[in-house]
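Work from the hints to combine the two standalone chains into their complex.
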Amino acid sequence: MTARDDRALGELYDRHGATLYSLAVAIARERADAEEIVADALGQAWRTASQFDPGRGSVGAWLATITRSRALDLVRARGRRARALARAAGESGEGLSAPLAAADAPERRVERQEARQLVGRSLAELPEPQRRVIELAYFTGLTQTEIAAELREPLGTVKTRMRAGMEKLRDSLARLLPREGP
Amino acid sequence: MTDHQGYRELAAPYALDALAAAERTAFEEHLAECAACRADVQAFREAAAALALAAPAAAPPPGLRERVLREARRGRPLAGRRTAWPWLAAAAVVVAVAASYGYWRERTARDEMSTVLVAMRARLDSADRLVGAILDSTVGTADLAATGKAPTMRLYWNRARGLVVLAAFDLPPAPSGRTYQLWAIKKGQNPVSLGTFNTAAGGRAVVTLPAPAGLKPDLSAVTEEPAGGSPQPTQQPFLVGTWQGI
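These protein sequences, in sequence, are chains P and X. When we follow the working numbering, the leftmost residue of the first sequence carries the number 1, and every step to the right adds one. When we follow the working numbering, the leftmost residue of the second sequence carries the number 1, and every step to the right adds one.
Hints listed in this document are in silico derivations from the structure and should not be mistaken for laboratory results. Incorrect hints may have been included.
In silico SDA-like pairs for lysine to any residue, Cα to Cα no more than 25 Å straight-line [what the hints assert, rightly or not]: (1) P:LYS168 / X:ASP3; (2) X:LYS186 / X:GLN232; (3) P:LYS168 / X:ALA43; (4) X:LYS186 / X:GLY162; (5) P:LYS168 / X:GLU28; (6) P:LYS168 / X:GLU23; (7) P:LYS168 / X:ALA35; (8) P:LYS168 / X:ALA20; (9) P:LYS168 / X:ALA36; (10) P:LYS168 / X:HIS4; (11) P:LYS168 / X:ARG8; (12) P:LYS168 / X:ASP17; (13) P:LYS168 / P:LEU118; (14) P:LYS168 / X:GLN5; (15) P:LYS168 / X:PRO56; (16) P:LYS168 / X:ALA39; (17) P:LYS168 / X:VAL41; (18) P:LYS168 / X:GLY6; (19) X:LYS216 / X:SER230; (20) P:LYS168 / X:CYS37; (21) P:LYS168 / X:ARG24; (22) P:LYS168 / X:GLN42.
Here are some chain P residues the structure puts well away from chain X; computed CB gaps all over 10 Å [what the hints assert, rightly or not]: (23) ASP33; (24) LEU74; (25) ARG76; (26) PRO127; (27) PRO129; (28) GLU150; (29) LEU151.
Where a beta carbon is used, it is the ideal one built from N, C-alpha and C, also for glycine.
This is chain X alone, in the form it adopts within the complex (with noise of 0.2 Å):
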């Protein structure tokens, strides 16, 4: 057994998993080294994993999908959650939305699944940001409110992260070449721009800002501003609260 051709003939038995382990061990040596063992060998991979769906039909009883969940909260991936599921998640859309039959379709599958992938990664990214900078022992709270009835706002200032997130309800957005600024103030200084934000049509917005490092305000307040903003405020603020635990 040392001649190409029959090495090749062993292909078929490796896909299968029929070699003893003294064949299959200078198999795998001689896969190593020639291409033309290898790409047999991944067709009739792809032949002997078809052979899943020759099993006779058996249901599955109703509990075991819950166990399956259950016994897999007890375990963590072991890269870590961030790549895991993504995988794992974008794997069964993909497969839910391109494929008729799975077993073939791994270029189309492996595009796809890069864009979810990619698109899954950046969604999660900010989800994270956004409950990490919030569910944090050291995070201070201001809850903004008008005069009258809404709008109102909560601030959540992270100092370990240098973030400000603000979460806006009811909050009409700023009429055209108009924008919404949030100012930190600290009592007997001039106010400091947080950045400037808009919100959607239904008045509400979460938005994540950056925090100038050292401050330690007092109050925050938003105003009205041209579009981009202004360096100090340019009106009265319609929303003012107190920072709390910063």
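Chain P extracted, bound-state conformation (with noise of 0.2 Å):
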């Protein structure tokens, strides 16, 4: 790598670095592979850069999808997902997101911290049914079926409560997030 390389890899760092850790702990739950995780994404994303496609999404998406990956890879890799799963089921009612009223530690961009409550904000919208779906299957990787009986509900069930919430907040999200220049 030249110092130019550490640069640009430095600043992707600097904008996502905090977002990816954040997301990495919240799956992987230890501190220590949450470290692992980011540096495999972010290696990972600097050795496929090329295959990135500005088209389909923005770098902090792209990013995020290479970290959850790697996140969930690792959770499964140890069998952790057992555990994890326990403890998400032992915080019933507060979900695996952030409490929209919790106060973020410091935040190194107002930016990234107003997109964070606009997040939170339409996730608080949602019902809490709906709500702990969607933040099931993001934040542990089940499948649908994996949901219901993890929650002993019905099949159906699960289904249109998820795609009911994902409505919703795909609505509500680009209805608060402007799409064009700032």
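This is how it looks when you write it as structure tokens:
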């Protein structure tokens, strides 16, 4: 790597590192694992940067997708999913995502804080059962069938909740977040 | 699950990566031929990607940044550094200037990214050419000095690439209507022009000039000539130096 490479990757890290690390902690639930996940994910992004297609989404979304996938791989590889699940289930009502009222750790970037608040608000507007199935899918990587078994709900109910919740989420985020430039 | 409406209901769980394997495969086959469902998936994917921001904020340890850089240094970009890093750097820059909420700015970001990318590629290419021409074991050099004090000049002759790189220091820009001209001189022969150049206000210039093939000069010299240069020197050179290792 040249000094310029360092600078480019450093900028990516400064911009997205905290979000990716938070995501990795939320999925893997171990800080040491989260560090490994973020380093792996950014390394993978770095090596495959030419595959990034800006037409399919933002850099942040791309990095988050890679990070989530690495985190779920690691959790599965260590057979820790059962444990993560048990803990998730234990946090009934609270959910896996950040409670809206909770004060975030000091954020370096106001915009990220605002984006977090918008997403948090959109999630908080969902009925709890809808939010729960979405969070289980995203943060634990469970399929609808697995979620139904976990929650002891009929599969059809889980499908309906997930779809309804995602439609609301899509609509409220589209309404809240401007599509064009600043 | 064969009708379109049935498939349509799979777009949200598909974007969340929550379909069982068999359903996912069937839906992906449908996606290949259904633009409406592809659009649905794209919209749901944006919503799903935003969920990353819903993770409770955790502060990364201070050493993580260095670890990321260290591990990246060990692995080269698969597609080659030249294509890979400008994408990342451009992406970082664009996101930094363009986005408050990076997830919903594809169009703006795409336009800006291509602009930044083109500029960075051009800059990188010229820097690569320059560094590549100088840092080569077969490159000959010549130091040119005036009889008095400054200015000075160093030349690099890269035979393999057919390039001469000129680095001038403390040389005031040529007067209006005049230019500097660099000559290659083989003893007993007429000087051959390597090209004209001028310096910036600070007295510096780094210029890459094409080197005539087959020429093995003993000396190089710089004269001041009328704008556009001359076929042969019209003045005494004010900088002269001997080539080494050429």
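- Under the criterion that the straight-line Cα-Cα distance not exceed 25 Å, is the pair LYS168 of chain P, LEU118 of chain P satisfied? The given pair, whose Cα atoms are some 13 Å apart, holds under the 25 Å limit.
Item checked: ASP33 of chain P remote from chain X - nearest C-beta pair above 10 Å -> ASP33 of chain P clear of chain X: closest Cβ-Cβ about 12 Å, beyond 10 Å.
_25 Å Cα cutoff - pair LYS168 of chain P, GLY6 of chain X_ = 19 Å, holds
**Prompt:** Does LYS168 of chain P pair with CYS37 of chain X here, judged by a C-alpha cut-off of 25 Å?
**Reply:** 17 Å, holds
**Request:** Could you check that no beta carbon of chain X comes within 10 Å of the beta carbon of PRO127 of chain P?
**Result:** Holds, since 15 Å exceeds 10 Å.
Does the structure keep LYS168 of chain P and ALA35 of chain X at a Cα separation of 25 Å or less?
Distance of about 22 Å is within 25 Å: holds.
**Message:** Given the hinted pair LYS168 of chain P and ARG24 of chain X, is their Cα-Cα distance within 25 Å?
**Reply:** 23 Å, holds
Is the nearest CB of chain X more than 10 Å from the CB of PRO129 of chain P?
15 Å, holds
For the pair supplied as a hint, LYS168 of chain P and ALA36 of chain X, is the alpha-carbon distance within the 25 Å limit? Measuring from Cα to Cα gives roughly 19 Å; hence the hint holds.
Checklist entry - Going by Cβ atoms, does LEU151 of chain P stay more than 10 Å from chain X at every point? => result 13 Å, holds
According to the definition I'm using, a residue is off the interface if its beta carbon is farther than 10 Å from all beta carbons of the partner; does LEU74 of chain P meet that for chain X?
The assertion about LEU74 of chain P holds, with a minimum of 15 Å to chain X.
Does ALA20 of chain X sit within 25 Å of LYS168 of chain P, going by the straight-line distance between their CA atoms? 23 Å, holds
Hint compliance for this structure: every hint is met.
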